[in-house]
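Since chain A is already given, all that's left is putting chain B on it; use the hints.
One-letter residues, chain by chain:
Number of protein chains: 2
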Amino acid sequence: MLYIIGLGLGDEKDITLRGLEAVRSCRKVYVEAYTSLLSFGISSDGLSKLEELYGKTIAVADREMVEEKADTFLSEASESDVGFLVVGDPFGATTHTDLVIRAKKLGVKVEVIHNASVMNAVGACGLQLYRFGETVSIPFFTDSWRPDSFYEKIMENQRLGLHTLCLLDIQVKEPSLEHLCRGKKVYLPPRFMTVNTALSQLLEVEQVRGKQAYSEESKCVGIARLGSIDQVIIAGSMRDLLAVDFGPPLHCLIIVGQTHELEDEMLRFFSLS
Amino acid sequence: MLYIIGLGLGDEKDITLRGLEAVRSCRKVYVEAYTSLLSFGISSDGLSKLEELYGKTIAVADREMVEEKADTFLSEASESDVGFLVVGDPFGATTHTDLVIRAKKLGVKVEVIHNASVMNAVGACGLQLYRFGETVSIPFFTDSWRPDSFYEKIMENQRLGLHTLCLLDIQVKEPSLEHLCRGKKVYLPPRFMTVNTALSQLLEVEQVRGKQAYSEESKCVGIARLGSIDQVIIAGSMRDLLAVDFGPPLHCLIIVGQTHELEDEMLRFFSLS
Numbered sequence: 122m123l124y125i126i127g128l129g130l131g132d133e134k135d136i137t138l139r140g141l142e143a144v145r146s147c148r149k150v151y152v153e154a155y156t157s158l159l160s161f162g163i164s165s166d167g168l169s170k171l172e173e174l175y176g177k178t179i180a181v182a183d184r185e186m187v188e189e190k191a192d193t194f195l196s197e198a199s200e201s202d203v204g205f206l207v208v209g210d211p212f213g214a215t216t217h218t219d220l221v222i223r224a225k226k227l228g229v230k231v232e233v234i235h236n237a238s239v240m241n242a243v244g245a246c247g248l249q250l251y252r253f254g255e256t257v258s259i260p261f262f263t264d265s266w267r268p269d270s271f272y273e274k275i276m277e278n279q280r281l282g283l284h285t286l287c288l289l290d291i292q293v294k295e296p297s298l299e300h301l302c303r304g305k306k307v308y309l310p311p312r313f314m315t316v317n318t319a320l321s322q323l324l325e326v327e328q329v330r331g332k333q334a335y336s337e338e339s340k341c342v343g344i345a346r347l348g349s350i351d352q353v354i355i356a357g358s359m360r361d362l363l364a365v366d367f368g369p370p371l372h373c374l375i376i377v378g379q380t381h382e383l384e385d386e387m388l389r390f391f392s393l394s
Numbered sequence: 122m123l124y125i126i127g128l129g130l131g132d133e134k135d136i137t138l139r140g141l142e143a144v145r146s147c148r149k150v151y152v153e154a155y156t157s158l159l160s161f162g163i164s165s166d167g168l169s170k171l172e173e174l175y176g177k178t179i180a181v182a183d184r185e186m187v188e189e190k191a192d193t194f195l196s197e198a199s200e201s202d203v204g205f206l207v208v209g210d211p212f213g214a215t216t217h218t219d220l221v222i223r224a225k226k227l228g229v230k231v232e233v234i235h236n237a238s239v240m241n242a243v244g245a246c247g248l249q250l251y252r253f254g255e256t257v258s259i260p261f262f263t264d265s266w267r268p269d270s271f272y273e274k275i276m277e278n279q280r281l282g283l284h285t286l287c288l289l290d291i292q293v294k295e296p297s298l299e300h301l302c303r304g305k306k307v308y309l310p311p312r313f314m315t316v317n318t319a320l321s322q323l324l325e326v327e328q329v330r331g332k333q334a335y336s337e338e339s340k341c342v343g344i345a346r347l348g349s350i351d352q353v354i355i356a357g358s359m360r361d362l363l364a365v366d367f368g369p370p371l372h373c374l375i376i377v378g379q380t381h382e383l384e385d386e387m388l389r390f391f392s393l394s
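Residue numbers (the numbering used here), protein chains in the order written: chain A, 122 to 394; chain B, 122 to 394.
Chain A on its own, in the form it takes in the complex:
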């Protein structure tokens, strides 16, 4: 059996009792390291905290391992119970769907243990989840690569009066191009996009495209460390939020659509002015 277990958003205590039972019953336990483990502070003592609480040794399955060597731990899972820990909910990322498909094809049983993810916990800011349109991703721009497919999507959401959740880029274990060229595999330090970078990229794209999908005056909600004890939620215009320091990762951003009274009332608690 392969257990895919959501860890939730905060820290090691956000696992469910069902998840904890499953972890403790597994012969081998892996944790994904490539989507958003930053929020658990894996770089420092996050992993050992997980191991201590769960009473298990946990192997870090980085992107290469999950995408290239999945067959190894899927074959382990065909013989004994294997746990695969995922920050947030197992279906927050495409990669985990792929893992389920591979497992099913090999005849390995899969049990998914759900948890909170950014996709539902953003409700904490007071905007109603059923009033969100398509979710967009904002990738880090480079000198030569400035993709803006999110622009049309935000515009459609705005036209329909819907809120837009913007997921901000995380780059973990990105190979260094300079080193790749020399035949070595060296990784760049992890990077996560701040609300500020997202906003300045968004405003740059609006300048280029010019269809008034949004403007410096557009109401937004910036969120940092959603679901953690030190979570920060601040509502304000794009211009205002550009100047706010949201602190450590992870960040996400909501572009607000038409609001109901209840939403406005809640947003006021998080308002800058």
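Take these hints with a grain of salt, some might be off.
Identical copies go unnamed one by one, so any copy, or any two together, can satisfy a pair.
As the list claims (entries may be wrong) - Taking lysine-lysine and the DSSO-like style, the derived pairs with C-alpha atoms no more than 27 Å apart in a straight line are:
id : residue 1 : residue 2
1  : Lys340    : Lys225
2  : Lys149    : Lys226
3  : Lys225    : Lys190
4  : Lys340    : Lys226
5  : Lys134    : Lys225
6  : Lys225    : Lys177
7  : Lys225    : Lys332
8  : Lys274    : Lys332
9  : Lys170    : Lys149
10 : Lys134    : Lys149
11 : Lys134    : Lys177
12 : Lys274    : Lys226
13 : Lys177    : Lys305
Calculated from the structure, these hints are not laboratory results.
Chain B in isolation, oriented as in the chain A frame:
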């Protein structure tokens, strides 16, 4: 302190460790009974299972209590720790946002403990969450009340190639009109909408509106008891799913938009044919 604690979707074991710690530290614990407690089998032994595991007496806060007498337990929360348990995630329903606002206005501290909700756990069917448009609610039709505001929303989602999550009506503690007229407060037995009823209402509305937002051939995913051990996920056309018995509540329905290869591959595992 008012703790608003998500219980997740399955049963008493889907609470998080953080949630359990909070419950155990509270002097008084309430559980909401009006949105979706059916999934925990509260009618039979669900409540006692919760009480046993959490080591606490739990009072059921029905709709009247939360909407009319919130001030009572908010004043309790200003003096000691009070827990308010919610099926799914605290921000799945508008009522809980209202509760947070009331608490904040009274100066009562609020801590929210997130969990899985239908809004993110639907990812289990393989459709990617970021490809969903606006969520719609399908209310029970009566002879004289057949609201169809969901129709335009589904049409917009379809036009944009997005999936539509349909939340199906739950009627718990609805007053009996017949008795109300006689001045008595008597409640109708709880009702929950099945996938089948939702589909036949949807097809009726399509017949009336006639804008081809969808048809009997439209691909859908019917889900029952999402996140429980006996969850059922079945993909097929509206016509095919009309004939499927999904069993006990709760049900929800997805109208599928444009799909990517990975989504198709996953849906095939749940396909009727």
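Okay, the hints, checked on the actual structure:
1. Taking the shortest alpha-carbon separations for lysine 340 and lysine 225, only the inter-copy value of 22 Å comes in at or below 27 Å, while the best intra-copy value is 44 Å.
2. When the C-alpha separation of lysine 149 and lysine 226 is checked against a cutoff of 27 Å, the pair qualifies only within one copy, where the shortest distance is 21 Å, while the shortest distance between copies is 49 Å.
3. In this assembly of identical chains, lysine 225 and lysine 190 lie within 27 Å of each other by CA distance solely inside one copy; the values are 16 Å within and 50 Å between copies.
4. For a Cα distance limit of 27 Å, the shortest separation of lysine 340 from lysine 226 across copies, 23 Å, qualifies, whereas the shortest one inside one copy, 46 Å, does not.
5. In this assembly of identical chains, lysine 134 and lysine 225 lie within 27 Å of each other by CA distance solely across copies; the values are 26 Å between and 30 Å within a copy.
6. Taking CA atoms no more than 27 Å apart as the test, lysine 225 paired with lysine 177 passes inside one copy only; the shortest distance there is 26 Å, against 41 Å between copies.
7. Proximity of lysine 225 and lysine 332 under a CA criterion of 27 Å is satisfied in neither setting, with 45 Å inside one chain copy and 39 Å between copies.
8. For the homomeric pair lysine 274 and lysine 332, the shortest alpha-carbon distances inside one copy (12 Å) and between copies (23 Å) are both at most 27 Å.
9. In the homo-oligomer, the alpha carbons of lysine 170 and lysine 149 lie at most 27 Å apart inside one protomer (17 Å), although the nearest pairing across protomers, at 31 Å, exceeds that limit.
10. Within a single copy, lysine 134 and lysine 149 get their C-alpha atoms as close as 20 Å, and across copies as close as 22 Å, so both meet the 27 Å cut-off.
11. With identical chains, the CA atoms of lysine 134 and lysine 177 are at most 27 Å apart both within one copy (15 Å) and between copies (20 Å).
12. Proximity of lysine 274 to lysine 226 under the C-alpha cut-off of 27 Å is found in neither arrangement, the shortest distances being 34 Å within a copy and 36 Å between copies.
13. In this assembly of identical chains, lysine 177 and lysine 305 lie within 27 Å of each other by CA distance neither inside one copy nor across copies; the values are 34 Å within and 58 Å between.
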